[in-house]
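Those protein sequence lines, which keep their order, are chains G and S. Start counting the first sequence at 1; every next residue gets the next number (this note's numbering). Start counting the second sequence at 1; every next residue gets the next number (this note's numbering).
Worth flagging that the hints you see were computed from the coordinates, not collected in a lab. Please note that the accuracy of each hint is not assured.
Same chains, same names: a pair is fine if it fits in one copy or spans any two.
Unchecked claim - Listed below are the simulated EDC-like cross-link pairs for lysine to aspartate or glutamate, each with C-alpha atoms no more than 16 Å apart in a straight line: (1) K13 - E43; (2) K140 - D113; (3) K58 - E45; (4) K134 - D102; (5) K46 - D15; (6) K2 - E43; (7) K26 - D102; (8) K13 - D102; (9) K59 - E45; (10) K112 - D56; (11) K26 - E76; (12) K40 - D56; (13) K89 - D44; (14) K132 - D3; (15) K26 - D15; (16) K46 - D102; (17) K58 - D113; (18) K112 - E75; (19) K40 - D3; (20) K58 - D15; (21) K46 - E76; (22) K58 - D119; (23) K58 - E43; (24) K140 - D15.
There are 2 protein chains.
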Amino acid sequence: MKDIRPKLITLLKTDYATPQIARLAKRITSPSTTIHYNIKRLEDEKAILTYKAVFDYKKIGEGFCSYVLVSLSPEEYADPEKIARDLAKHSEIESVDICTGDWEIVLKVRTKDQDAYYDLVRRVLSRRGISKTKTLMSMKQLKTEFVNV
Amino acid sequence: MKDIRPKLITLLKTDYATPQIARLAKRITSPSTTIHYNIKRLEDEKAILTYKAVFDYKKIGEGFCSYVLVSLSPEEYADPEKIARDLAKHSEIESVDICTGDWEIVLKVRTKDQDAYYDLVRRVLSRRGISKTKTLMSMKQLKTEFVNV
DNA sequence: GTTAATATTTGAATATTCTCCAAATGGATA
DNA sequence: TATCCATTTGGAGAATATTCAAATATTAAC
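Could you put the whole structure together from the sequences, leaning on the hints where they help?
Put into structure tokens, the structure is as follows:
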């Protein structure tokens with residue numbers, strides 16, 4: 001008997017959920033077909049990208065969260081997107097933004113613990129093109145993905 | 001006829017979605033009752049907090065995204081959580097973390113445009129207890145909430 | 001303003017999916 | 001091996017999503 005929950009968590013992190021049309025219909029007091037029509041519209045015009053679960057990350061072994069400010073070396077200024085796309089591939093990285101100011105890229109990262117974070121920094125963030133990083137370690141999370149926790 | 005889509009967006013931002021058990025069952029090739037049992041377990045132990053939609057925020061009038069590093073005045077160091085909880089109440093604020101280092105609180109904020117952001121800073125971030133803020137404006141978002149965009 | 005074209009709302013019927021239950025299986029312990 | 005508890009599974013019923021066609025509302029054209 002093998003535990004399928006890690007697999008479920010992986011899938012639900014970005015997908016495999018769907019809107020509750022009947023519940024929305026009750027909440028807004030419109031016929032569910034109207035809700036259905038309007039949601040399909042949002043999906044068709046790609047205003048809604050996906051439906052997913054939000055986790056208590058401590059309980060799924062991703063309790064260590066930090067923001068990483070990344071500074072690029074001058075030769076990368078022209079195309080920060082290349083490095084940013086590379087970073088976005090990693091499942092531990094929740095968000096990737098290309099920003100203005102002293103730091104060209106801002107990451108939000110979730111790992112099991114500080115060791116796993118250190119490992120990620122070595123594997124992923126110590127590379128040509130990245131000249132400097134600054135880590136802001138989250139000690140307590142009050143809200144994430146618009147959800148109060 | 002009044003547009004219900006803003007209301008749908010608000011509700012789907014934090015809730016009103018549900019897992020697709022049948023689709024997960026196909027993907028993992030287990031009976032859907034097994035999937036159901038395991039997901040209920042994750043929900044019961046509150047590893048899963050909610051199911052929600054992820055949006056193309058530009059398309060729902062929240063195209064301006066920035067990270068705000070907040071520095072507290074010394075008298076607030078003892079209890080940053082009070083201010084943080086206050087900040088978390090605002091619907092424009094996607095995440096709130098209490099962090100180590102030079103900046104005690106890190107926010108991720110989404111507004112319609114720079115004007116709306118400026119307005120939020122004035123209304124919410126110009127207050128006793130907050131001594132300084134630094135804004136990192138996102139020019140391009142590559143990944144958010146684990147979803148590549 | 002009136003008409004025509006298009007978009008949205010809605011109810012009814014069907015298709016699909018979820019959920020409950022009870023039985024079977026698996027794993028752990030003594 | 002026997003016992004206990006957790007997990008898996010199939011079947012049945014309940015709930016929900018989806019399709020379709022008709023009605024209504026909105027917009028555009030004249």
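Exercise. Among the hints numbered above, which are violated by the structure, and what are their numbers in rising order?
Worked result: The structure breaks hints 6, 7, 8, 11, 13, 14, 16, 18, 20, 21, 22, 24; every other hint is satisfied.
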